[in-house]
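Visitor: As a plain string of letters, each chain reads:
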Amino acid sequence: IAGITQAPTSQILAAGRRMTLRCTQDMRHNAMYWYRQDLGLGLRLIHYSNTAGTTGKGEVPDGYSVSRANTDDFPLTLASAVPSQTSVYFCASSRLAGDSYNEQFFGPGTRLTVL
Amino acid sequence: GENVEQHPSTLSVQEGDSAVIKCTYSDSASNYFPWYKQELGKRPQLIIDIRSNVGEKKDQRIAVTLNKTAKHFSLHITETQPEDSAVYFCAASKEGTYKYIFGTGTRLKVLA
Numbered sequence: 001i002a003g004i005t006q007a008p009t010s011q012i013l014a015a016g017r018r019m020t021l022r023c024t025q026d027m028r029h030n031a032m033y034w035y036r037q038d039l040g041l042g043l044r045l046i047h048y049s050n051t052a053g054t055t056g057k058g059e060v061p062d063g064y065s066v067s068r069a070n071t072d073d074f075p076l077t078l079a080s081a082v083p084s085q086t087s088v089y090f091c092a093s094s095r096l097a098g099d100s101y102n103e104q105f106f107g108p109g110t111r112l113t114v115l
Numbered sequence: 116g117e118n119v120e121q122h123p124s125t126l127s128v129q130e131g132d133s134a135v136i137k138c139t140y141s142d143s144a145s146n147y148f149p150w151y152k153q154e155l156g157k158r159p160q161l162i163i164d165i166r167s168n169v170g171e172k173k174d175q176r177i178a179v180t181l182n183k184t185a186k187h188f189s190l191h192i193t194e195t196q197p198e199d200s201a202v203y204f205c206a207a208s209k210e211g212t213y214k215y216i217f218g219t220g221t222r223l224k225v226l227a
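Sequence lines, in order, name chains A and B.
Here this note's numbering is used: position 68 in the first sequence is 68, and no number is missing along the way.
Here this note's numbering is used: position 45 in the second sequence is 160, and no number is missing along the way.
Just so you know, these hints were derived from the structure itself, not from any lab.
The hints are all genuine.
Simulated crosslink set (DSSO-like; lysine-lysine; CA at most 30 Å straight-line):
(1) B:K214 to B:K152
(2) A:K57 to B:K152
(3) B:K152 to B:K224
(4) B:K152 to B:K172
(5) B:K214 to A:K57
(6) A:K57 to B:K209
(7) B:K172 to B:K224
(8) B:K183 to A:K57
(9) B:K173 to B:K183
(10) B:K137 to B:K209
(11) B:K157 to A:K57
(12) A:K57 to B:K137
(13) B:K157 to B:K209
(14) B:K214 to B:K137
(15) B:K186 to B:K214
(16) B:K186 to A:K57
(17) B:K186 to B:K137
(18) B:K173 to B:K137
(19) B:K172 to B:K209
Model the full structure from these sequences, guided by the hints.
Guide: Dropping the structure here:
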């Protein structure tokens, strides 16, 4: 693989079900992010990780959890999905080097519908 | 909390005209401002960025200006083309956090 990938591409899920969205990057980026994109609200940060083994909360973390066991993978879990979590989810990654800013590269997105 | 406001939400221009999108940020400590372009059904991609030690940056038909005193920055696209049609997002970030706060997006339509 090259770059950053997400799976699945789309998913329809019954409310109350558990779901894990997968994100993998092969760029050896140390930082990874999960966003949700809703019409009129732009991209909102759910959780992030600056390095393997650490995670942090973004703007809208409730109902979501993440883990960062290694550099490449950053799965996002919805423990009990609700209809308000219907959205397009983007994973992103960037290389952090000291205090310099680096481009965030986005994955292709996962379209999730919770019924 | 930190906030980035973006205007307008939609913008239609004739091909060849200029387009301007404006963003205002709330956190005076913000010092990095990227702009992303998202075509329909695609992922956001960086098109230009600016740091707080620079007032203006240009890349071919695209330019970004920053006014730190007023806490606002703008994207300027000249000689617009149909392929410029997309949603554009501004964002702000500050040293030490690496997190972006995005604006709500501007849907630009370039009319042929």
